[in-house]
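Undergrad: The lines below spell out each chain.
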Amino acid sequence: MNRQRVIFFGKNIIRALLLVVCVSMITFALMKASPVDPLQANVGQAALGSMSQEQKEKLQAYWGVDTPPVEQYLSWAKDFIRGDMGVSLLYRQPVASVIAVKLANSLFLMALAWVISGILGFALGVISGMNRGKPADHVIRGYCLVISSTPVFWLALLLLMIFGVWLHIFPIGLSVPIGVEASGVTLADRLYHAFLPALTLSITGVSNIALHTREKMIDIMESDYMLFARMRGEKGWRLFRYYGFRNVLFPAVTLQFASISEIFGGSVLVEQVFSYPGLGQAAVSAGLGSDMPLLMAVTIVSALFVFGGNLTANLLYGVIDPRVRQGGKAK
Amino acid sequence: MDEKRVKCGAGSEDRMDSPAVNKLSGEKEPVLKIEHMSISFTQYDRGMRQVSLPVIRDLDVEVHAGEMVAVVGSSGSGKSLLAHGVMGVLPYNAAMDGRITYCGEELTRERIEKLRGREIVLVPQSIAFLNPLMKIGPQICKGDKRASAREKLRSIFKRYELDERVGNLYPFELSGGMNRRVLISTALMEEPKLVIADEPTPGLDLAVAKRAMAHFRELADMGAGVLVITHDLELALEVADRIAVFYAGATVEEAPVQDFQDEDSLRHPYTKALWRAMPQHGFHYIEGAQPYVKDLPAGCSFAPRCPQCGPECAREIAYRAVRGGKVRCVRGK
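Here the protein sequences come in this chain order: F and V. Numbering follows the numbering used here, in which position 230 of the first sequence is assigned residue number 230; successive positions increment by one, without gaps. Numbering follows the numbering used here, in which position 256 of the second sequence is assigned residue number 1256; successive positions increment by one, without gaps.
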């Protein structure tokens, strides 16, 4: 049993390392292939024109325009392995500290959205699946289909317009109030500012989770063990509590952890709309501004996050499903 | 038939009084009486054309208290639907017609929803019908944690010689021999008056299959009415009191089990063919196969395979009483 566990973790660590290597290479290659000229993007055409050749060369050296790509990648990788993620070219701060701040903001937002969409999506999916073909099912499914065909940035703009601009209930952007010292920011302020972006992410996250849970629930309702449970006089809440819950929880948990990637993806757009200074926004500005060290770090952190989510789902299989938990013991 | 009524809905004590008396006698109201049951499925044929698929066309059977009746038919002929129909759990695209009477009163949808799992129980055919993620003990008790339920579970386990540890296992951990006993245990948590066993011996070796059947016989001897749905005529003959033979969606004969001792005392040519197909009677087989429900012949559905078929068999055949049994054949005597 213990040896199995060591092998399991060993395998996953190797997988994670391979993932980081691949993601970093692809990010680097894509960045190099992008038409964005770092000098033009960051200094501007007009300013560039008025500069002397010497100044331009200095800037080119700063943005690493002249260094051959392979050499550039290898020197980045060497530092990265030693734990040095470099200095962000845009923020002029160590990448690690930039990421730390952005990640904290994003995590707050994403965790909120993740929990809300997970619980709400699961509940709606179960209700819909158990009442297949009835009005509740039609309403929930209709909602989910409309929402899942709505672009997330458009929904973000809509909510921003209604609640931020017209009704003035929520702020139109940022993660903290303007003109307040960092020490004066309360948790309530943060929640207040995270509400709209989190709501946007939740609304879109719900539909996916609910639709998948609904499918699973329908499968379960049609299963032999549900049929037998009904023949034993079980119905309604008891039917769900004793026969449906665990069975639907199993795929739902997988889905929930796999959905981390979607929340991550959605947060890039939502943070942009709400000018919310999180990881997503950092990724966008790093990409458009050719901030190679920052972009590399952001993508690697995101990849590890998604990887961690999937790994957690794998581990939770064992906790929820006795067939997996005891599979090793039986042999 | 209506002189005396079995007191259904009362306590268990009146079930225990000498079941041998009311067995076969017909002097009491049957526990379950099914008349002209038909079950059909609505399906979409090519394109959007709706077709109705009559899987069961005309099924008649009755079960008395203390009696074990076997509905025998070949595999895949839709016998299980009979059980689902009685239990009121047919899928949404199925329509049922006919009359089901339980203890003298019609078994309506509301009534079965109240009675199932209490007075009327079904024993499923495999452990696929158990929740894979719930331990056996709580599952048999339906989550009831009271001491009385636990006590009852202990006595049931003892009765079927199941170790108490079995209660803490998950369905996938059961051994093949335990499966049957665990499944039948689910029936005994309540005080059933009617037990329906759906295909209780699939793929079991003879010894285990016989033991499983014997468990159902015990339930009948305790006073419950037992309806066994099976493809295994030979096993059914060993334990049942009466046999109803199911062919192409209809019951073609109902006969006391003694009539199977001799071919001549049987009434329907299909039953006779089944009899001759048994190993001890020569292993004879007849040509052809059961017709698919979509292309049934007019009149007698056995006509194409029947050696005695005549022109009168093309008409609608009535199900009539003959010598203490029933037959759906113009020549049955």
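To be clear, the hints were calculated from the coordinates, so they are not data collected in a lab. Quick caveat: nothing in here was measured; it's all calculated off a predicted structure. Ideal Cβ positions, reconstructed from N, Cα and C, are used throughout, including at glycine. One or more of the hints may lead you astray.
[Said to hold, decoys possible] Cross-link-like lysine to aspartate or glutamate pairs, in silico, DMTMM-like; alpha carbons within 20 Å at most:
id, chain 1, residue 1, chain 2, residue 2
1, F, Lys235, V, Asp1144
2, V, Lys1152, V, Glu1199
3, V, Lys1135, F, Glu234
4, F, Lys235, V, Glu1190
5, V, Lys1135, V, Glu1119
6, V, Lys1033, V, Asp1144
7, F, Lys78, F, Glu57
8, F, Lys235, F, Asp224
9, V, Lys1142, F, Glu215
10, V, Lys1333, V, Glu1238
11, V, Lys1152, V, Glu1105
12, V, Lys1210, V, Glu1238
13, V, Lys1114, F, Asp321
14, V, Lys1135, F, Glu181
15, V, Lys1135, V, Glu1190
16, F, Lys235, V, Glu1119
17, V, Lys1142, V, Asp1097
18, V, Lys1152, V, Glu1191
19, V, Lys1333, V, Glu1119
20, V, Lys1135, F, Asp224
21, V, Lys1145, F, Asp224
22, F, Lys235, V, Glu1113
23, V, Lys1142, V, Glu1105
24, V, Lys1294, V, Asp1097
25, V, Lys1142, F, Glu54
26, F, Lys235, V, Glu1161
[What the hints assert, rightly or not] Here's a subset of chain V near chain F, in silico, CB distances under 8 Å, partners left out:
id, residue
27, Val1089
28, Asn1093
29, Met1096
30, Arg1099
31, Leu1122
32, Pro1132
33, Leu1133
34, Arg1165
35, Val1166
36, Tyr1170
Undergrad: A separate judgement is required for each hint: does it hold in the structure or not?
TA: Verification of the hints:
Between Lys235(F) and Asp1144(V) the alpha-carbon distance is near 15 Å, which keeps this suggested pair within the 20 Å criterion. At roughly 26 Å between alpha-carbon atoms, Lys1152(V) and Glu1199(V) are farther apart than 20 Å, so this suggested pair is violated. Restraint check for Lys1135(V) and Glu234(F): satisfied, since their Cα atoms lie roughly 17 Å apart, inside the 20 Å limit. For the hint pairing Lys235(F) with Glu1190(V), the CA-to-CA distance comes to about 17 Å; that is within 20 Å, so the pair holds.
For the proposed pair Lys1135(V) and Glu1119(V), the alpha carbon gap of about 24 Å is over 20 Å, so the pair is violated. Our distance criterion of 20 Å between C-alpha atoms is broken by Lys1033(V) and Asp1144(V), whose separation comes to about 32 Å. Distance check on the hinted pair: Lys78(F) and Glu57(F) sit about 25 Å apart at the alpha-carbon level, beyond 20 Å; violated. Only pairs whose Cα atoms come within 20 Å are accepted, and Lys235(F) paired with Asp224(F) is accepted, the gap being roughly 15 Å.
A hinted pair counts as satisfied when its Cα atoms are at most 20 Å apart, and Lys1142(V) with Glu215(F) does not qualify at roughly 26 Å. Simply put, Lys1333(V) and Glu1238(V) have alpha-carbon atoms about 25 Å apart, too far for the 20 Å limit, and the pair is violated. Between the alpha carbons of Lys1152(V) and Glu1105(V) the distance comes to roughly 30 Å, so the proposed pair goes past 20 Å and is violated. A C-alpha spacing of about 9 Å is found between Lys1210(V) and Glu1238(V), which places the hinted pair at or below 20 Å, so the restraint holds.
At roughly 33 Å between alpha-carbon atoms, Lys1114(V) and Asp321(F) are farther apart than 20 Å, so this suggested pair is violated. The straight-line distance between the Cα atoms of Lys1135(V) and Glu181(F) is roughly 57 Å, outside the 20 Å bound, and the hint therefore fails. At roughly 19 Å between alpha-carbon atoms, Lys1135(V) and Glu1190(V) fall within 20 Å of each other, so this suggested pair holds. Restraint check for Lys235(F) and Glu1119(V): satisfied, since their Cα atoms lie roughly 16 Å apart, inside the 20 Å limit.
Simply put, Lys1142(V) and Asp1097(V) have alpha-carbon atoms about 31 Å apart, too far for the 20 Å limit, and the pair is violated. For a cut-off of 20 Å, the pair hint linking Lys1152(V) to Glu1191(V) stands: about 11 Å separates their Cα positions. Taking the CA atoms of Lys1333(V) and Glu1119(V), the gap is near 37 Å; set against the 20 Å cutoff, the hint is violated. Among the hinted pairs, Lys1135(V) with Asp224(F) is consistent with the structure: their alpha-carbon atoms are about 17 Å apart, no more than 20 Å.
Our distance criterion of 20 Å between C-alpha atoms is broken by Lys1145(V) and Asp224(F), whose separation comes to about 24 Å. Note on Lys235(F) and Glu1113(V): the hinted pairing holds, with a Cα-Cα distance of about 9 Å set against a maximum of 20 Å. Of the supplied pair hints, the one linking Lys1142(V) and Glu1105(V) is violated, its CA atoms being roughly 28 Å apart against a limit of 20 Å. Distance check on the hinted pair: Lys1294(V) and Asp1097(V) sit about 18 Å apart at the alpha-carbon level, within 20 Å; holds.
The hinted pair formed by Lys1142(V) and Glu54(F) fails the criterion: a straight-line CA distance of about 83 Å is larger than 20 Å. Among the hinted pairs, Lys235(F) with Glu1161(V) is inconsistent with the structure: their alpha-carbon atoms are about 31 Å apart, more than 20 Å. The beta carbon of Val1089(V) is positioned within 8 Å of a beta carbon in chain F (closest approach about 5 Å), and the interface hint is therefore held. For Asn1093(V), the suggested interface contact is broken, since its CB lies about 11 Å from the closest CB of chain F, more than 8 Å.
About 15 Å separates the beta-carbon of Met1096(V) from the nearest beta-carbon of chain F, more than 8 Å, and the hint is not met. Hint on Arg1099(V) is violated. Least Cβ distance to chain F is approximately 21 Å, over the 8 Å limit. Below 8 Å, beta-carbon pairs count as interface contacts, and Leu1122(V) has one with chain F at about 5 Å; its hint therefore holds. A distance limit of 8 Å between C-beta atoms decides the matter here; for Pro1132(V) the minimum to chain F is near 7 Å, and the interface restraint holds.
Nearest Cβ of chain F to the Cβ of Leu1133(V): about 4 Å, under the 8 Å cut. The hint holds. Interface hint status for Arg1165(V): violated, as the beta-carbon distance to the closest one in chain F is roughly 14 Å, over 8 Å. A hinted interface residue such as Val1166(V) counts as satisfied when its beta carbon comes closer than 8 Å to some beta carbon of chain F; here the least separation is about 15 Å, so the hint is violated. Because the smallest distance between the Cβ of Tyr1170(V) and any Cβ of chain F comes to about 5 Å, under 8 Å, the interface hint for this residue holds.
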